[in-house]
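Residue numbers (this note's numbering), protein chains in the order written: chain A, 1 to 264; chain B, 1001 to 1078.
Don't read these hints as lab results, they were simulated from the structure. This one's a predicted model, so the numbers in the text were calculated from it and none came from an experiment. Even glycine gets a Cβ: it sits at the ideal position worked out from N, Cα and C. Honestly, I wouldn't trust all of these hints.
[Unchecked claim] These stretches of chain A come out as covered by chain B in the derived footprint (C-beta under 8 Å, 3 or more residues):
| hint | region |
| --- | --- |
| 1 | 14-23 |
| 2 | 116-126 |
| 3 | 174-183 |
| 4 | 232-246 |
[Unchecked claim] A few chain B residues facing chain A, derived, Cβ under 10 Å:
| hint | residue |
| --- | --- |
| 5 | Ala1010 |
| 6 | Leu1015 |
| 7 | Phe1045 |
| 8 | Val1051 |
| 9 | Phe1056 |
| 10 | Asp1059 |
| 11 | Ala1065 |
| 12 | Leu1069 |
| 13 | Leu1070 |
[Claimed, not checked] Okay, the calculated beta carbon distance ranges per label pair:
| hint | chain 1 | residue 1 | chain 2 | residue 2 | range |
| --- | --- | --- | --- | --- | --- |
| 14 | B | Ala1046 | A | Ser18 | 34 to 44 Å |
| 15 | B | Ala1046 | A | His14 | 56 to 66 Å |
| 16 | B | Ala1039 | A | Arg34 | 26 to 36 Å |
| 17 | B | Arg1073 | A | Pro194 | 21 to 31 Å |
| 18 | A | Asp247 | B | Leu1057 | 27 to 37 Å |
| 19 | A | Val32 | B | Ala1019 | 47 to 57 Å |
| 20 | A | Pro194 | B | Leu1057 | 20 to 30 Å |
| 21 | A | Arg11 | B | Leu1007 | 30 to 40 Å |
What follows is each chain in one-letter form.
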Amino acid sequence: MKAPRKRHLPRAWHAAASYVVPVTLLVVWEAVVRLGWINPFLLPAPSAFGARWIDEVASGFILRDALLTMMRALSGFFIAAAAGIAIGTLAARNAAARWFVDPVVSVGFPMPKISFMPIFMLWFGLGDQAKLAMIVFTCIFPVISATYLGTSSIDRYLVWSAQNLGTSRRALLWKVVIPAALPQILSGLQIAFPMALIVTVVTEMITSGGGLGSYMIVSARAAISEKVFAGIATIAVLGFLLLLAFDLLRRRLLRWHAETMVAI
Amino acid sequence: MKQEGALLPALSWLLLVSAELLISRNGLGYLISFYGENADYGAMFAAVIVVVLIGFLSDRLFLAASRWLLRWRELPAA
Chain A
1 MKAPRKRHLP RAWHAAASYV VPVTLLVVWE AVVRLGWINP FLLPAPSAFG ARWIDEVASG
61 FILRDALLTM MRALSGFFIA AAAGIAIGTL AARNAAARWF VDPVVSVGFP MPKISFMPIF
121 MLWFGLGDQA KLAMIVFTCI FPVISATYLG TSSIDRYLVW SAQNLGTSRR ALLWKVVIPA
181 ALPQILSGLQ IAFPMALIVT VVTEMITSGG GLGSYMIVSA RAAISEKVFA GIATIAVLGF
241 LLLLAFDLLR RRLLRWHAET MVAI
Chain B
1001 MKQEGALLPA LSWLLLVSAE LLISRNGLGY LISFYGENAD YGAMFAAVIV VVLIGFLSDR
1061 LFLAASRWLL RWRELPAA
């Protein structure tokens, strides 16, 4: 009996196949607008806003705003990451800290932190402080929660063996607890990061002061829908690239972990 | 923090209130920005607290529902 032979397409075909859907969607989008089925003001054709996007990138205006947005999102994200990992680890290891942090996170995680934006504007004004405070306030909860769960659920045998071999408390934290909890901590950061981007754009839309959010809202008020779509395209590209970078970083940091052993 | 907080309810509330703060003619987000613009901060804080309470309750509901739906799953004793 001969096993039915599997027919393999060349690798290039597989690579090309993954582009079929997006390209088809773009073609349909372009055709629908060209045929006049949709008002081009409400939904500009990809060719129209693509040309506009290249113009905006070439003139450098959108790049300046994109840079501002990235700076805010990343600063807020890193502050939240540093503080959140510290608070989460502390809460897992210290009963008094847990008693304090647990209810705060239980209420703080699910609530829509953005509703504090008018209050933050009242406290910190319209500048970068209010935006940064908002980003940190939003991103810190998933980080605390993930770090707490990660550091409090590590394998006890790891800790016991390290203690048996005479590891000091400080080394135990840095060499055993944090690395063992790293997969979960990174998952928390991966949840927090898109939130940082969302909140940055929303705060920029609310309080202005440059950045892609205010670029888009100003363009929308001036009724230049192509520029709004150019803003959306920029934030999409930036978000995609940053998430890609995050994925690479995760794979690099977790080389030792089983999840990276799986062939991808 | 016994359980990982439910992410999607939190995210949908975040986006809903953001959208209401930006463009809306009613809803709690609109109420917050309306009171804020009129410097009626007491009322603004009240609206914020209502939003917080709704977020908290929806989270608890979601967790209760997921516990009930996943009651067949053997969990390690909490």
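Next item on the list: For the hint on Ala1010/B, just tell me whether its beta-carbon gets within less than 10 Å of chain A.
Entry: holds (5 Å)
Next item on the list: Take a look at whether the Cβ-Cβ distance between Ala1039/B and Arg34/A falls inside 26 to 36 Å.
Entry: 50 Å Cβ-Cβ, so the 26 to 36 Å window is violated.
Next item on the list: Starting from the range 27 to 37 Å, see whether the pair Asp247/A and Leu1057/B falls in it by beta-carbon distance.
Entry: holds (35 Å)
Check: For the region 232-246 of chain A, do at least 3 residues have a Cβ located nearer than 8 Å to some Cβ of chain B?
Finding: violated (count 0)
Margin query: Tell me if the beta carbons of Ala1046/B and His14/A are separated by a distance inside 56 to 66 Å.
Written below: holds (58 Å)
Next item on the list: Have a go at the Val1051/B hint: is there a Cβ in chain A nearer than 10 Å to its own Cβ?
Entry: holds (4 Å)
Next item on the list: Kindly confirm whether 34 to 44 Å is satisfied by the beta carbon distance between Ala1046/B and Ser18/A.
Entry: Roughly 51 Å apart at Cβ, these two residues miss the hinted range, so it is violated.
Check: Does the interface hint hold: is Asp1059/B within less than 10 Å of chain A, judged Cβ to Cβ?
Finding: holds (3 Å)
Notebook entry, point to check: With 10 Å as the cut and Cβ atoms as the points, is Leu1015/B at the interface with chain A?
Noted result: holds (7 Å)
Notebook entry, point to check: Is the hinted range of 20 to 30 Å satisfied by the C-beta distance from Pro194/A to Leu1057/B?
Noted result: holds (25 Å)
Notebook entry, point to check: Against chain A, with CB atoms and a cut of 10 Å, does the hint on Leu1069/B hold up?
Noted result: Interface hint status for Leu1069/B: violated (18 Å vs cutoff 10 Å).
Notebook entry, point to check: Was the hint right that Ala1065/B lines chain A, CB cutoff 10 Å?
Noted result: Because about 14 Å separates Ala1065/B from the closest Cβ in chain A, which is outside the 10 Å limit, the hint is violated.
Going down the numbered hints, you'll see the structure goes against 1, 3, 4, 11, 12, 13, 14, 16 and 19, while the others check out.
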